[in-house]
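Line by line, the protein sequences give chains A and B. FYI, the working numbering numbers position 120 of the first sequence as 120, with every residue one higher than the one before it. FYI, the working numbering numbers position 264 of the second sequence as 264, with every residue one higher than the one before it.
No wet-lab data here; the hints were simulated from the structure. Possibly wrong hints are sitting among the right ones.
Said to hold, decoys possible - Below, in silico cross-link-like pairs of lysine-lysine (DSS-like), each with a Cα-Cα straight-line distance of 27 angstroms or less:
hint : chain 1 : residue 1 : chain 2 : residue 2
1    : A       : K212      : B       : K263
2    : B       : K170      : B       : K127
3    : A       : K9        : A       : K61
4    : B       : K117      : B       : K128
5    : A       : K196      : B       : K139
6    : A       : K198      : B       : K127
7    : B       : K128      : B       : K151
8    : B       : K212      : A       : K196
9    : B       : K70       : A       : K360
10   : A       : K198      : B       : K151
11   : B       : K212      : A       : K275
12   : A       : K2        : B       : K151
13   : B       : K106      : A       : K198
14   : A       : K363      : B       : K85
15   : B       : K277      : B       : K231
16   : A       : K363      : B       : K21
17   : A       : K66       : A       : K106
18   : B       : K21       : A       : K196
19   : A       : K212      : B       : K133
20   : A       : K212      : B       : K70
21   : B       : K117      : A       : K2
22   : A       : K198      : B       : K69
23   : A       : K275      : B       : K85
24   : B       : K212      : A       : K198
25   : A       : K198      : B       : K277
26   : A       : K9        : A       : K360
27   : B       : K128      : A       : K198
28   : B       : K212      : B       : K128
29   : B       : K85       : B       : K106
30   : B       : K178      : A       : K2
31   : A       : K2        : B       : K277
32   : A       : K363      : B       : K133
33   : B       : K151      : A       : K9
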Amino acid sequence: MKTFLAFVKKEFFHILRDRRTLLILFGMPIAQILIFGFALNNEINNAGLVVLNRAGDYESKQLLAKFQNSTYFNLQDPVFTEAAIEQAFKDNRAKVALIIPLDFGKNMQAGNEQLRIIGDATDPNQAQTLVNYAKAIIADYLQQKQNTNTQLPITTAQPRMLFNPELKAVYQFVPGVMGLILLLVSAMMTSLTIAKEKELGTMELLLISPLKPFHIILGKVAPYWVLSFLNAVIIIILGVFVFGMPVNGSVPLLLLVTLIFSFASLALGIFISSKANSQLVAMFLSMFGLLLPTLLLSGFIFPIENMPLPLRIISNIVPARWFIELIKGIMIKGSPLSLLIKPFLVLCFITVVLTIAGIKGIKTRLS
Amino acid sequence: MQTAISINNISKHYGEIQALKNIGFEVEEGEIFGLIGPDGAGKSSLFRILTTLILADEGEAEVAGLDVKKDYMTIRQRIGYMPGKFSLYQDLTVQENLNFFATIFKTSIQENYHLIKDIYVQLEPFKKRPAGKLSGGMKQKLALCCALIHKPEVLFLDEPTTGVDPVSRKEFWQMLKKLKQEGIAILVSTPYMDEAALCDRIALIQKGEILKIAPPENINQVYKGRLISVKSKKTYELIQALRALPQVASCYAFGEFLNATFKTDVQAIDPILNELKQKHFADLEWHQTQPGIENVFMQLLSQSQADDSSIKAQKR
Chain A
1 MKTFLAFVKK
11 EFFHILRDRR
21 TLLILFGMPI
31 AQILIFGFAL
41 NNEINNAGLV
51 VLNRAGDYES
61 KQLLAKFQNS
71 TYFNLQDPVF
81 TEAAIEQAFK
91 DNRAKVALII
101 PLDFGKNMQA
111 GNEQLRIIGD
121 ATDPNQAQTL
131 VNYAKAIIAD
141 YLQQKQNTNT
151 QLPITTAQPR
161 MLFNPELKAV
171 YQFVPGVMGL
181 ILLLVSAMMT
191 SLTIAKEKEL
201 GTMELLLISP
211 LKPFHIILGK
221 VAPYWVLSFL
231 NAVIIIILGV
241 FVFGMPVNGS
251 VPLLLLVTLI
261 FSFASLALGI
271 FISSKANSQL
281 VAMFLSMFGL
291 LLPTLLLSGF
301 IFPIENMPLP
311 LRIISNIVPA
321 RWFIELIKGI
331 MIKGSPLSLL
341 IKPFLVLCFI
351 TVVLTIAGIK
361 GIKTRLS
Chain B
1 MQTAISINNI
11 SKHYGEIQAL
21 KNIGFEVEEG
31 EIFGLIGPDG
41 AGKSSLFRIL
51 TTLILADEGE
61 AEVAGLDVKK
71 DYMTIRQRIG
81 YMPGKFSLYQ
91 DLTVQENLNF
101 FATIFKTSIQ
111 ENYHLIKDIY
121 VQLEPFKKRP
131 AGKLSGGMKQ
141 KLALCCALIH
151 KPEVLFLDEP
161 TTGVDPVSRK
171 EFWQMLKKLK
181 QEGIAILVST
191 PYMDEAALCD
201 RIALIQKGEI
211 LKIAPPENIN
221 QVYKGRLISV
231 KSKKTYELIQ
241 ALRALPQVAS
251 CYAFGEFLNA
261 TFKTDVQAID
271 PILNELKQKH
281 FADLEWHQTQ
291 PGIENVFMQL
301 LSQSQADDSS
311 IKAQKR
C-alpha cells in the first residue's frame with residue numbers, strides 16, 4: 001500500500017509539473033464544451049432571402065413583413081427576374097428565394113395560392129432547415145388570414161417536442177463532449193504516460209523492482225481515473241450552469257455510469273500502451289483508433305440510424321455510443337436504471353472485455 | 001566464495017542479427033567483472049537477460065543462485081541495475097527520485113544510508129534540483145544511488161561512466177571498490193581502458209562472442225602480431241612510411257611514440273627499421289613493448305570494422 005501511494009504521488013508530480021499535460025487535462029475539456037455549446041449550433045439565423053414579388057399587392061407585402069420580422073431571415077434587395085435569383089445564390093447574397101405569383105392575393109382567397117420557395121442546396125441540411133422555416137412562416141400567415149377572413153374550421157397538427165422543447169443543440173453536445181473528453185483523457189493520457197516510461201527507459205527500472213507489473217500499471221492509471229472523473233464533473237457543472245442542461249435523473253447513477261465509462265477508457269489506454277513503445281505511436285493509435293470512431297460512430301455528430309448497416313454494426317462496439325445513450329437518458333429524460341438496462345449492460349460488458357484485454361497486454365518483461 | 005552470476009551457453013537473436021553467441025562465464029561474490037567491447041557487441045543484451053528483462057533464446061543463467069527465467073520475481077528484489085541510458089525521472093528532484101526508488105524497493109534512504117553515503121553527500125547540495133538538470137557525472141551518481149538503495153547482492157552497471165568527466169569517473173570507481181568490500185558482485189561494462197584495468201577480471205566481447213576472459217594484466221595474450229614503439233621527430237612522415245610497409249598491420253600515434261604492429265609471420269623486425277633509419281629517419285628509435293588493453297581493444301575494433309566493410313563489399 002505504501003509503495004502504491006508513493007507511485008501515485010510520483011505520477012501526480014509528473015502531471016502537475018508538465019504544463020502541457022495540465023492543459024490537455026483541464027484546458028481542453030472546458031474549451032471544447034464552450035466551443036461546441038456556443039459556436040457549433042444547428043440553428044440558423046439571419047439567412048439571406050431574396051424575393052421576386054410578381055404580385056406586389058397588399059397580401060404579398062403582409063407576408064413579406066412576416067418574413068422581415070422573423071430572426072431567421074434577412075430580406076435582401078428585391079429581384080425582378082428568375083435569373084437574378086440564381087445570381088443572388090451565386091454571389092452568396094441569399095440562401096433562399098421566394099417567388100410570389102402574379103395574383104397572389106386573389107388566388108389566396110380562392111384557396112389555391114402558388115408560392116415557390118427555392119433553396120440553395122449547396123449545403124443540403126441548411127437548405128432543408130431554411131425551407132422549413134419559410135414554409136412555417138407562410139403557413140402561419142395563411143392560417144392567420146383564414147381565421148380572420150372566413151370562419152372555416154381547419155385541422156392542424158400541434159407538434160410538441162418532449163424533453164427538449166426549445167430544441168437546444170447543447171443537449172446533444174454535452175453528453176457527446178463528455179464521452180469524447182473522458183475517452184481522450186483516460187485512454188490517450190494513460191497510453192502516453194506508459195509509453196513515456198518505456199521511451200525514457202524508466203520502465204526497465206520499474207520492471208526490475210519488486211513491484212508486480214500489474215501494480216505498476218495500476219499505480220500509473222489511478223491518478224488519471226481520478227482526474228478524468230473530475231473532468232466529467234466539471235463538464236456536467238458547465239452543462240448545467242452555463243447551458244441550462246437539466247439533470248432529471250439520479251445523480252449517483254450518472255456518476256456511476258461516468259466512472260464505468262472512464263474505467264473502460266483506461267483499460268483501452270492500457271491495451272494501446274502494450275502495443276506502442278513510443279509516445280508518438282501511442283498518440284497515433286489513440287487518435288485514429290479512438291478519437292475518429294468515437295466522433296463519427298457514437299451518434300455524437302451523425303445519427304446512427306442513418307448509417308449503412310456495416311457502420312451500424314461497428315458502432316455497437318464503440319463504448320462512447322452506449323455512454324452517450326445512458327447520459328442522455330439520465331440527464332434529459334430522467335429515466336431510471338430499469339429503462340436503461342440494455343445500454344448499461346452493454347457498457348459493463350465492453351468494460352470487462354477491455355479490462356481483460358488490458359491486463360493480458362501487461363508484460364512482465366521488455367519484449 | 002560463492003558464485004554470484006553464472007552464465008551457460010546463452011544465445012540471443014534479434015531477427016537475423018545474432019546478438020549473443022554461446023556466452024558463458026561466472027562472476028564470484030565480491031568481484032568486479034568488466035565487459036569490454038565495441039558498441040553493438042551485445043553487452044546491453046547480456047545485461048537485459050541477466051536482469052530478467054528479456055529472455056535468452058538458448059542457454060541458462062543464474063543470478064544470486066536463482067534461474068533468470070523461473071525465479072525472475074525473486075531476482076528482481078535482489079539485484080541493482082543501472083541501464084546504459086540515463087533512466088531516472090527527469091522532472092522529479094534528486095531527493096524525490098531517491099525516495100521513490102527506496103519506497104518501491106520497500107526500504108528507506110536511512111536504512112541503507114551507509115552504502116550510498118559517499119556519493120550522496122556530493123549530491124546533497126542539489127537535492128532539490130530536477131534530475132534532468134544535473135550534470136552528466138551527477139546524473140550517474142544519482143542513478144548509482146538509486147540502484148544501490150535496496151542493498152542489492154549483485155549490481156549490473158551498463159556503461160556507467162560514459163559521458164562523465166575524469167574526476168567523477170575516478171570517484172565512481174572508488175565507490176565500486178568499496179561496494180566490492182561489502183561483498184556485492186559487480187558486472188560492469190565500459191568503453192574506457194583505464195577502467196578495464198581496475199576490474200578483477202575482464203571479458204573482451206565482440207559481435208556477441210567472448211574472445212578472452214582474463215585478469216586485465218594477462219589480457220594482452222590475445223594480441224596478434226608484435227608491438228613496437230617507434231619514435232622520430234618527423235612523426236607524420238613516419239606514420240605514412242610505416243603504414244606503407246607490407247609487414248606492418250597497423251600504426252597509430254600513442255603519446256610521443258608510434259605503436260606499430262608487425263604481422264605475426266614477420267621474423268626479423270630490426271632490419272626493416274634499420275633500412276628506414278638509413279633512408280629517411282636519421283633519429284629513429286624503437287623498442288618492443290607489451291600491448292596494453294587499449295592496444296588489444298583497438299585491434300579488435302579495427303578487425304570488426306574491417307570485417308564489416310568486407311561484408312558490405314561482398315553484398316555490393
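Which hints, by number, does the structure contradict?
Of the numbered hints, 1, 3, 8, 11, 18, 19, 24, 25, 28, 30, 31, 32 do not hold.
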